[in-house]
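**Q** Line by line, the protein sequences are chains A and B. Residues 1 to 501 in our numbering are what the first sequence spells out, letter by letter. Residues 1001 to 1345 in our numbering are what the second sequence spells out, letter by letter.
No lab work stands behind these hints: they were computed from the structure. Note that beta-carbon positions come from the ideal geometry of N, C-alpha and C, so glycine has one too. Treat the hints with care, as some may be off.
As the list claims (entries may be wrong) - DSS-like, lysine-lysine: derived pairs with alpha carbons at most 27 Å apart:
| # | chain 1 | residue 1 | chain 2 | residue 2 |
| --- | --- | --- | --- | --- |
| 1 | A | K20 | B | K1338 |
| 2 | B | K1282 | A | K372 |
| 3 | A | K372 | B | K1280 |
| 4 | A | K20 | B | K1282 |
| 5 | B | K1338 | A | K336 |
| 6 | A | K336 | B | K1339 |
| 7 | B | K1120 | A | K383 |
Stated by the list, open to error - Where chain A lies over chain B, by a calculated footprint (3+ residues, C-beta under 8 Å):
| # | segment |
| --- | --- |
| 8 | 1189 to 1202 |
| 9 | 1211 to 1218 |
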Amino acid sequence: MDMLEMRNIRKSFVGVPVLKGVGLNIREGEVHALLGENGAGKSTLMNILTGVLPLDEGQIFFNGQDVTGCSIRESEALGIAFVHQELSLFNDLQVYENIFFNKELKTRFGALKKHEMIQQCREVFAKLGVVIDPTSVVADLSASEKQTLEIAKAIFFEAKLLILDEPTTALSNTEIDRLFTVIENLKEQGKSFVFISHKMPEIFRIADRYTVLRNGEYIQSGSICDTTAQEVTSVMVGGSFSNAVVYQPRELGENVLELDGLSGSGFEDVTLHVRKGEIIGLTGLQGAGVSELMQCVFGEIPRREGTIRVRGTEFDRNRIHRAMRRGVAFLPANRKENSVLPDMTILENNYISEHTLSAARPVIRRHREVEKYEAMKKNLNIKAENCDDLVVSLSGGNQQKVFFSRWLNTNAEILLMDNPTQGIDVGAKAEIYRLILKLAGQGKTILLNTQEIPELQRVADRCAILYSGRIVKILSHDEITEHTVMMYATNAIEVGEGRQS
Amino acid sequence: MSQAGKTRKKKSFSIGQYSYIMIFLILFLVYYNVSGHLQWTGITNILRHSAVVGTLSLGMGLIIITGDIDLSVGAILGCAASFGCLIFNLSDSILLTLVFCLALGTLLGFFNGLMIGKFKLPAFIVTLATQLIYRSVSQYVCNVLPNEIKGVSGNTFKMITTDARNAMYAFGNGQILRLPTCGVIFLLLAAFLVYVSTSTKYGKRLFAIGSNARAAHMAGIDIEWNRTSVFTLTGLLGGIASFMWLAMQGNVDPATTGVNNEMFAIAAVVLGGVAMSGGKGKLVGIIFGTMSYTIIDKIIAAIKVDSLINNAIKGLILIVAIIAQTCGPRVKEFFRRKKRERQSV
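One chain only, chain A, in its complex shape (with noise of 0.2 Å):
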């Protein structure tokens, strides 16, 4: 029997149909990928589950028990637990805290039994095969930490069946693997997973089955070991999509970017010639030093020692505008801290940047900026209905777009992009990468971090790795593969040579 089966459950938004009939069902024991696009309502349906939306049609059972239309409360006491994307954790707090909040174990005077709670702690992260010492402070942790103690507190509590939504976002691959042992251990003890993520790759390791549901349609399930990442997404993006994003070799310019003996926090004797037209990959583990490297380029951060230069000339000073003004721009990670200005519109979003470089000219010209929107849009493909709508009113990958466009509206020639598909769904990403060669076509030189190696295979020119701090290797274009990179990146070359001699 299922341990979870949700029937052909509907739920409208203000008139606008969001779930059309979807059904979901969950066996004990397994992890579930539930697959869709942004927007496909993965979040709506996992927020019904939870008791968080109520739903409009359908039914729910929880082992063999109706229990349509509970509440949060109910449904954390049946054991369904959702581990957020954005993590709710305390940072001051303790780590046993955090898994007690507002669940102490108290004496008859409400004095707190904190060995109590510690020891009960070391036992269960012993049991997940955890090491996370219960008395650290949770901003101490690593994300990959964090995220186990997320599920951790879940376990605590008689989770039975985990919702994780995009649990792998912010971990390095030696942290997803250490969470995907965390998970599969739980597995064997019957618990159940809803697996919410956009990686391929991930999926197809750690999930058993899979349901796709696609414009709030239920579209197919099945087993994992029965279909292809190539299937699923297809199914996903309904048709539409292919992976055609085709790498050509392109006519490069000259240097435009030389980067010599470049030191700061996080990276060492970084040298790094970039020519016009370029894409370089720039990768490596977390902590690796891409991305502190590319805001040192930037300007965001100081440089220690070493030179920049674009265009022949050197940077004297290390501030983002000198940067900006010389057409290096930078499109941060973590879009919704760094990039988003969620009070302003789009076309506002758009033009910020732009109008710090042409200040001097204080007064705005609103038809011309949208003009120049509207050639973005279409030269971007922005989907958007009206640029005086609010930019969060865009999907994810939508308000990436109009960043780009809030870069090329600098004219930057050279783009600094830290990770710019995180947190975007399969068509929109495949967009992006089209875009970027698109871009390196016009003539933008572009530098593109991104852990994620397939997509460095479809996009980058040349590719280099960086290993604390340092490029351990810069590869061609045909020489990028998944192994190769890995090897690098992870050091295990050096290992293997230093062995040998």
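Guided by the hints, dock chain B onto chain A, whose structure is given.
**A** What follows is chain B alone, placed relative to chain A:
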């Protein structure tokens, strides 16, 4: 242009967005009723008595839009007016007094801005401190100066009666097109700043900083300088307000002039629909917000209640306004759902 026209769609109208006009109209009607026969001067006096606090509120509005706060505007008003009066008594020159008031206000605001923008200290603490400093310094100086320079005995300043003083007083209490001069200055300043906040790159930068300072920084906006500038601008507005005060009153009490004005300014900004969290709101609302508060004073005076109850009523109105702004959308959503349920049954 056709493309531009296509993307320009009319925005949906919502009452919550314009609650400041509603509140203003309601208060005005109450005032109209309790005051018996309201004369034209009775109406224009609202504008006249809004001029000083209104000018401060405009600066406060810009600061709140960037997500900060300035608790020293009242003290800047008191300080600039005190020293402005002193300069007048020494020089007997209107022009010099004007220049001095503006310069001192700007300087005091710039000091705030430097601390907050450049040295990244929290605005609440910095301006709390400068509020104490600015006011205390003016009181101290007033106390040690001889009466001849202060123009009066006691701990206040009074402009010494000369032709220049009379001319300035006439200016401050004069009229342009049957409107009080200071009120007109306030409206002109408001119109200018509304334009700055909606149609200039500088204005949009302030909204961007208030909306998400980190993202604004990463988009190339110089946060330090823009923060400094907005506090400096508020100082300048404080200087203008202090000159208006002198011209209208002819005297200053460093201990009381401008006391609590920062609170009224914040209240007027909030009443005008600007979000305290920054990044949201329109400066236009502040004009109505300030005038609503002035009307409350006048209602209290008209119904002959002890004016000590003024602030209690102002506080209550503020709470009502906040409820209207924050609960309005929720109430609307509730009714919309009810309606849908009725339709579906």
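**Q** Next, verify each hint and record whether it holds.
**A** Outcome of the hint check:
1. K20(A) x K1338(B): Measuring from Cα to Cα gives roughly 22 Å; hence the hint holds.
2. K1282(B) x K372(A): Since the Cα atoms of K1282(B) and K372(A) sit roughly 26 Å apart, the hinted pair holds (cutoff 27 Å).
3. K372(A) x K1280(B): Satisfied, since the Cα-Cα distance of roughly 25 Å is no more than 27 Å.
4. K20(A) x K1282(B): violated (40 Å)
5. K1338(B) x K336(A): violated (34 Å)
6. K336(A) x K1339(B): Violated, because 35 Å separates the two Cα atoms, which is more than 27 Å.
7. K1120(B) x K383(A): Distance ~39 Å between K1120(B) and K383(A) Cα, so the pair is violated.
8. 1189 to 1202: With 4 residues in contact (Cβ-Cβ under 8 Å with chain A), the coverage given for the segment 1189 to 1202 of chain B holds.
9. 1211 to 1218: Contact hint for the segment 1211 to 1218 of chain B vs chain A: holds, 7 residues under 8 Å.
Checked against the numbered hints above, the structure breaks hints 4, 5, 6 and 7 and satisfies the rest.
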